[in-house]
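2 protein chains.
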Amino acid sequence: MPSTALSNHQIRLAARPVGTPTRDNWSFTSEPVADPDSGGVLVKTLYLSLDPAMRGWMNDAKSYIPPVGIGEVMRAGGIGVVVASKNPAYAVGDHVSAGLGVQEYCLIAQSELARSGIFKVDAKVGTLTQWLNVLGMPGMTGYFGLSDIGQPKAGETVVVSGAAGAVGQTVGQLAKIRGCRAVGIAGGPAKCDWVVRELGFDACIDYKSGSVRDGLKEHCPKGVDIYFDNVGGEILDHVLAKINRKARIIICGAISQYNNTAPVQGPKNYLSLLVNRARMEGMVVFDYADRYPVAIVEMAAYLKDGRMKSKEDVVAGLDTFPEALLKLFSGENFGKLVLQVAN
Amino acid sequence: MPSTALSNHQIRLAARPVGTPTRDNWSFTSEPVADPDSGGVLVKTLYLSLDPAMRGWMNDAKSYIPPVGIGEVMRAGGIGVVVASKNPAYAVGDHVSAGLGVQEYCLIAQSELARSGIFKVDAKVGTLTQWLNVLGMPGMTGYFGLSDIGQPKAGETVVVSGAAGAVGQTVGQLAKIRGCRAVGIAGGPAKCDWVVRELGFDACIDYKSGSVRDGLKEHCPKGVDIYFDNVGGEILDHVLAKINRKARIIICGAISQYNNTAPVQGPKNYLSLLVNRARMEGMVVFDYADRYPVAIVEMAAYLKDGRMKSKEDVVAGLDTFPEALLKLFSGENFGKLVLQVAN
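Order-wise, the sequence lines are chains A and B.
At the far end of the first sequence sits residue 343, using this note's numbering, and the numbering has no gaps.
At the far end of the second sequence sits residue 343, using this note's numbering, and the numbering has no gaps.
Bound conformation, chain A alone (with noise of 0.2 Å):
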């Protein structure tokens, strides 16, 4: 059991952002670790995710989840181990993931469980990194969107931007072991080189660098069947342009507007849609969870026999969390950004 002489930081949202966060938006809090309850858990938090989407719950606007609360602590899915347990599904030692929020620990009630998405991970199948990015959120989402969605069918190509992400990573190789031809685009030269080379995509365009519009045409000579959008903007329209019939587009983010302050810019060759009677279909991850466990059994098979590969970007420190963030939003990060709260 953990004294309560233990103190728990935590960042808040103080403020909603107005385009870019910055430090201002966050307050830091401290307060007492409180032992669980009959049938809580307390976990201590080693890894958080840090994810485009957090950008979305910070705005207080409509969404499939609600905003973070004004003076709530930042939420987060990470990966921590079991401290205090008055449940008998988890045992201190156990490594678990779930909704812990950005702090250092997380005490989760019996009533609070279901919602906070805990699960055991089991450190043998995956690296504790590896389970919050190809057996976490964005493995999952690439799985189903790519798999759902896209339906894809061997010899068809897929375009994924973001490719160096960690979304992007996981939907390239999955295109590759499904038999089709993978494009990623990705900003600079080493992202794009490690997608080819790394990952084994056919292609990977670098848009910092060069035309979109001239490296679809280069690298996908039979158009584009798929399309995983996790960028929105300019190159979703450069794509639009350049798709086959019965495309399918999978709207799975738009990180280029979401520090927007002018509206979003909507995709004004949509009616390519028409033209090639295609279809863009937006998708939450979390409509799948039922289907998680099928999911991870397979990423984790690929890991093991090595088609699949991971790499992570772990920036430490809790207190790094707002300029961490910011990474991705600029293009720094390279491979899943993740942040390391303890050891």
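Quick caveat, the hints were computed from the structure, so don't treat them as lab data.
Hints may be right or wrong, so weigh each one.
All copies of an identical chain are treated as equivalent in the list; a pair is satisfied when it fits inside any one copy or across any two copies.
Calculated pairs, DSS-like style, for lysine-lysine (alpha carbon to alpha carbon, straight line, at most 30 Å) [stated by the list, open to error]: (1) Lys208 to Lys311; (2) Lys268 to Lys62; (3) Lys62 to Lys153; (4) Lys242 to Lys62; (5) Lys268 to Lys246; (6) Lys242 to Lys86; (7) Lys327 to Lys268.
Position chain B against the provided structure of chain A, taking the given hints into account.
Then chain B, alone, in the frame of chain A:
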């Protein structure tokens, strides 16, 4: 057999329009009527279908069918009567539907019969103008777009723009037959009243006299499950803001954008697709040609039992074609726009 002294007046594309087409985009020619060769038929045009899609065919752009070439007779579907035949399947006096073009006579060689889409129409099943409306291409567009892409379920709310137009009237009436709530969007009180009183829509929003946003709020208290979009532009954005989870948006056209000289306005609310796990899908009616006969039987039954009504706006005279076409874009037509070429 017609005498070759008969003259065939034709309207040809003379120049590609920039923005709204003018009379200068057309040339008016005349040539002798030729007799059909073996297997061919000569059809006298009675009625031509004027459709928003025609504007797209005038552009030199890749689309679902090739553009009309400069100097070619303008493409148009129509209803005519066979006046000479060297094909045992068609007798003089038969009424047929076919791609006749904007001309008084259409000579269809045997090798061109399939491509012309020719089929005999039964004037006892529907009037000749109904064969260009609910029993014709617009009816088929509404039928397959709503049924196949929309997949309506009883109790759902279906919104359709261009509600008083050819496709719109079919969509709303079919939605009612399928047990849905049908809400139209149209321009002006006369059209809106007619859509509600005559066609039986639950409501119709007048986009010319009020806020579409407020209208949707009032008339779609349970949100929007299906949106059949004929217009694009701001109305699409307003509906995107009101869609329900798993909504289906059928992209059939974007008449508000066809005469634009500026780039098409993309739907800036497209991320509502993500939040609502919704789908936006394009359709082209020609893909369903092999299923037209089944749909026509169903639609004819609805016409007969009074559940489906059909309104055509008939303009007379081949030479009025350039001005008549523009009624579609100003919203002046009331019902399916038809050009009467002969009695």
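How the hints compare with the structure:
no., hint, result
1, Lys208 to Lys311, "within (21 Å within a copy, 55 Å between copies)"
2, Lys268 to Lys62, "both (24 Å within a copy, 16 Å between copies)"
3, Lys62 to Lys153, "between (35 Å within a copy, 26 Å between copies)"
4, Lys242 to Lys62, "between (33 Å within a copy, 11 Å between copies)"
5, Lys268 to Lys246, "both (19 Å within a copy, 23 Å between copies)"
6, Lys242 to Lys86, "neither (56 Å within a copy, 45 Å between copies)"
7, Lys327 to Lys268, "both (28 Å within a copy, 25 Å between copies)"
Hint compliance for this structure: hint 6 is the single one not met.
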